[in-house]
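Number of protein chains: 2
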Amino acid sequence: MRYCVIMCGGVGSRFWPFSREEKPKQFLDFFGTGRSLLQATFDRVLEVVPAERVLLVTNRRYAATIREQLPEVPEENILLEPARRNTAPCICWAAHHIIARDPEASIVTLPSDHLVLKERAFHEALRRGFEFVEGGDRLLTLGIKPTSPQTGYGYIQQGAAVEGEADFFKVKSFTEKPNIELAKVFLESGEFFWNAGMFLWKASAIIEAFRRHDPATLDVFAAGAGCYSTPAEMEFIDRVFPTAPSNSIDYAVMEKARNVYVETVDLGWSDVGSWKALHEVSPHDGNGNVTQNCRVLQHDCHNTLFAVSDPDRIVVASGLDGYIVADAGNALLICPASEEQRIRQVVNDVKERFGEDFI
Amino acid sequence: MRYCVIMCGGVGSRFWPFSREEKPKQFLDFFGTGRSLLQATFDRVLEVVPAERVLLVTNRRYAATIREQLPEVPEENILLEPARRNTAPCICWAAHHIIARDPEASIVTLPSDHLVLKERAFHEALRRGFEFVEGGDRLLTLGIKPTSPQTGYGYIQQGAAVEGEADFFKVKSFTEKPNIELAKVFLESGEFFWNAGMFLWKASAIIEAFRRHDPATLDVFAAGAGCYSTPAEMEFIDRVFPTAPSNSIDYAVMEKARNVYVETVDLGWSDVGSWKALHEVSPHDGNGNVTQNCRVLQHDCHNTLFAVSDPDRIVVASGLDGYIVADAGNALLICPASEEQRIRQVVNDVKERFGEDFI
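Chains as they are written, first to last, in this note's numbering: chain A, 1 to 359; chain B, 1 to 359.
Some clues are possibly wrong.
Because identical chains share one entry, a pair is satisfied inside a single copy or across any pair of copies.
What the hints assert, rightly or not - Derived lysine to any residue pairs resembling SDA-like cross-links, with alpha carbons at most 25 Å apart:
hint, residue 1, residue 2
1, K184, D285
2, K170, R2
3, K276, R212
4, K256, L117
5, K170, G32
6, K351, T151
7, K23, N330
8, K23, D310
9, K256, E68
10, K145, L115
11, K23, D312
12, K351, L297
13, K172, G135
14, K276, P50
15, K172, G32
16, K172, L28
None of these hints come from the bench; they were simulated from the model.
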C-alpha cells in the first residue's frame with residue numbers, strides 16, 4: 001500500500017514576525033487561502049494517498065497545533081519526535097513504523113512548508129513515482145525544473161535516462177547551494193534540477209539503504225523491532241531517538257547510494273524559504289508590490305511586500321522601494337528585502353532586548 | 001476673579017492614524033506621560049486658576065470624551081458648541097457666560113493641543129498677564145520667542161514697550177505664516193514672536209472689543225442677556241450659535257483693535273502641529289530618530305519617528321531615513337516625513353477606499 005510521510009517539525013525564524021517559535025512557517029496561511037502550508041500539503045496528497053495512510057512526523061512541542069490544524073489525521077498517524085535530529089532519523093523511524101504495518105509499503109516523503117501550484121502535475125508525478133519505486137529497489141527524488149538561477153536551493157544533476165521512463169534519470173550528483181555564476185551555468189545546462197526534498201521509495205528499500213550507508217542510525221531504530229505500531233513504540237522512541245545522530249537524509253543516504261533516481265517535474269514549486277521568495281511567488285501590482293492577504297493604500301512604492309496578519313488592519317505606505325513590511329501579532333518589521341538574511345539575527349536581538357513574548 | 005477657557009473642539013487629521021475623527025489630537029497622550037494634551041493643559045493652568053473656574057468649550061460630539069478625560073470639571077463648566085464656527089464665536093460665548101457669573105472676571109483663553117515644557121515660566125506669564133489686563137481695558141496675547149525660522153506659525157510684531165512692564169509691548173502687526181526667507185528675517189530681527197493663540201483680557205474688555213470690531217457676532221450672543229449661566233442657556237445657544245459668522249478671533253478682533261498688547265515669553269512651546277513638529281520637540285537618539293512612547297529595535301535608521309499606540313507592540317526597522325512610522329489601532333502609516341502634508345488627502349483616500357472605521 002502507498003503511504004505518505006509529511007515532515008512538519010521544522011523551526012525557522014525567517015518569517016518573523018509571522019512565524020514564531022510556537023508557530024513556525026508550516027502552520028501559517030501565507031496566501032490567505034484559509035489553509036496553512038501544512039494543511040495545503042495534506043490536502044494535496046489526499047488524491048494519491050488516503051488520509052488513514054498519511055503520517056505526520058513532528059516535534060512534540062507542535063502536537064497540539066498539528067491536532068488543531070489536521071483533526072482528520074488519526075492519532076496513531078502522528079509521530080512525535082522527542083528531539084530534533086534532522087531528516088535522517090525522522091525518515092528511518094517512519095520507515096520502521098510503516099513497514100511494521102505493511103511490509104510491502106511504499107512511501108512518499110514530503111516537506112510541509114512548500115508551495116506547489118500545479119496540483120495535477122504533482123499528483124501525476126507521485127503516481128508515476130510510486131509505480132517507479134514499486135518496480136524495484138530504487139530511491140527516487142523529485143527534481144524541479146529550474147526557472148531561474150536560484151542560489152538558495154541544492155541542485156540534482158541528472159545522469160543516464162531510464163529506458164522507457166520519460167523524465168526518470170539516474171542521479172549523477174547532488175550539489176550544495178551554488179553561487180550565482182554557477183547557478184546560471186546550472187540553469188543553462190538543462191541538466192540540473194532543484195532538490196525539493198520530496199522522496200519516494202519502498203519502506204524496505206530505504207531501510208536497506210540505511211543499513212548500507214548509515215548503519216549507526218539504522219541500528220538505533222532496528223533495535224525496536226516488534227514495538228513499532230504497538231503501544232510500546234512511543235516509550236521506545238522517547239528513549240532511543242535522542243541517541244540517533246543528527247543528519248540529513250541527503251548526507252546520510254542519497255549522496256552515497258547507487259540506486260538513486262530523479263524524476264524531473266514542473267510543479268510550480270517554491271520552498272517559500274524567505275520573505276523574498278514569498279515576494280517572488282506572489283502576484284505583483286504594476287510596480288512590483290505584493291500585498292499578502294491585506295489591505296494597503298500605497299503611493300510611490302515599488303518592489304515592496306506587505307503582509308499583515310490582522311485582517312481588520314490597513315496599511316498606508318509611501319516612498320518604499322524594495323522593502324518588507326510584515327505586521328503580525330505584537331510586532332512590526334520594516335526592512336529592506338536585501339537585508340532579509342539578517343532576520344535570524346534580528347530575532348535573537350529581539351529576544352534579548354524585549355523577551356520571549358516577541359519571538 | 002480669574003477664569004480660564006480651554007478651547008478643545010478642534011478637529012484635524014494630521015496625526016492620523018493616531019488622531020481619529022472621534023479622537024482628535026487634543027485627546028491623545030503623545031508623549032506617554034499618562035495625560036492627554038488637553039489633560040496636561042488643564043493640569044498646567046490649575047496653579048493659576050482653580051478647577052471650578054476652568055471652562056471647556058468644545059464641540060458637542062466630544063462631550064463624552066471630555067467628561068471621561070476631565071471628570072473633575074463641573075458639568076456647568078463644559079460649554080458644548082452645536083456647530084463649528086472657529087474661535088471668535090467660541091470666545092464671545094465664553095465671555096458672555098463668564099461675565100454673567102462675575103462682571104469683574106478676567107479670562108485666559110488657551111488652546112488645548114499645544115506643548116508647554118516650561119511650566120513655571122507659563123505660570124509666571126499668566127500671573128503677570130492677568131495683572132496687566134486687570135489694570136485696564138487691554139487685550140493681551142502671548143508671543144513666543146522664536147527659536148527657529150518656522151513657516152508654520154503666524155507671527156506677532158512687537159511695537160512700543162509698555163513703560164514699567166518688562167516684556168510687554170504694543171502689537172505693531174499680526175502676520176500670516178511667512179515663507180522661509182521671511183521667517184529667517186523675522187527670527188533675526190528679534191521683533192517677531194510666534195502667535196500661540198493664548199489670550200488674556202477682562203470679560204468686559206473682550207465684549208467691548210466685539211462690539212466695536214465684530215458687531216455681527218456680538219449681536220448674536222448679546223441677544224441672550226439674562227440666560228447665561230442659567231438653565232436656559234443651552235437652548236438659546238443651540239438656536240443662535242449656528243447663526244454666528246465663522247471667524248477666528250485674530251481676524252475678528254485682534255488685528256483690528258488698537259488696545260492689543262503682547263507679552264513676550266519663553267515657554268518651551270510647540271503647537272505640535274504635525275508629525276514633523278512632534279519629531280522636532282521629542283528627544284532624539286544619535287541618528288535623529290525619535291521613538292514616541294514605544295519599543296523599537298532599529299538598525300541603520302535616521303531622522304525617523306516611530307509612534308506606536310499599543311504599548312505591547314514592538315517595531316523592528318532597518319534602512320529608513322526621514323520616515324514617519326505611526327501604528328495606531330487598526331492602521332499603520334509609513335511615509336516620508338517630507339510628505340506629511342499629504343496626510344489629509346491620505347485620510348480622505350482611506351475613507352473612500354476602506355470606509356469610516358479607519359478614520
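These are the hints, each one checked on the structure:
Proximity of K184 to D285 under the C-alpha cut-off of 25 Å is found in neither arrangement, the shortest distances being 27 Å within a copy and 45 Å between copies. For the identical chains of this complex, K170 and R2 are intra-copy neighbours only, at 23 Å inside a copy versus 96 Å across copies, given an alpha-carbon limit of 25 Å. For a Cα distance limit of 25 Å, the shortest separation of K276 from R212 qualifies neither inside one copy, at 40 Å, nor across copies, at 69 Å. In this assembly of identical chains, the alpha carbons of K256 and L117 never lie at most 25 Å apart, being 32 Å within a copy and 74 Å across copies at closest.
For the homomeric pair K170 and G32, neither the shortest alpha-carbon distance inside one copy (39 Å) nor that between copies (66 Å) is at most 25 Å. In this homomeric assembly, K351 and T151 never come within 25 Å of each other (Cα to Cα): the closest approach is 29 Å inside a single copy and 44 Å across copies. Proximity of K23 and N330 under a CA criterion of 25 Å is satisfied in both settings, with 14 Å inside one chain copy and 23 Å between copies. When the C-alpha separation of K23 and D310 is checked against a cutoff of 25 Å, the pair qualifies both within a copy, at 16 Å, and between copies, at 23 Å.
Taking the shortest alpha-carbon separations for K256 and E68, neither the intra-copy value of 39 Å nor the inter-copy value of 74 Å comes in at or below 25 Å. Proximity of K145 and L115 under a CA criterion of 25 Å is satisfied intra-copy only: 15 Å inside one chain copy versus 63 Å between copies. For the identical chains of this complex, K23 and D312 are neighbours both inside a copy (21 Å) and across copies (19 Å), given an alpha-carbon limit of 25 Å. With identical chains, the CA atoms of K351 and L297 are at most 25 Å apart between copies only, with a shortest distance of 11 Å across copies and 32 Å within one.
In the homo-oligomer, the alpha carbons of K172 and G135 lie at most 25 Å apart inside one protomer (21 Å), although the nearest pairing across protomers, at 102 Å, exceeds that limit. In this assembly of identical chains, K276 and P50 lie within 25 Å of each other by CA distance neither inside one copy nor across copies; the values are 34 Å within and 61 Å between. Taking the shortest alpha-carbon separations for K172 and G32, neither the intra-copy value of 39 Å nor the inter-copy value of 64 Å comes in at or below 25 Å. Taking identical chains as interchangeable, the C-alpha atoms of K172 and L28 are never at most 25 Å apart, the minima being 36 Å within one chain and 67 Å between chains.
The structure does not agree with the numbered hints 1, 3, 4, 5, 6, 9, 14, 15 and 16 stated previously, though it agrees with the rest.
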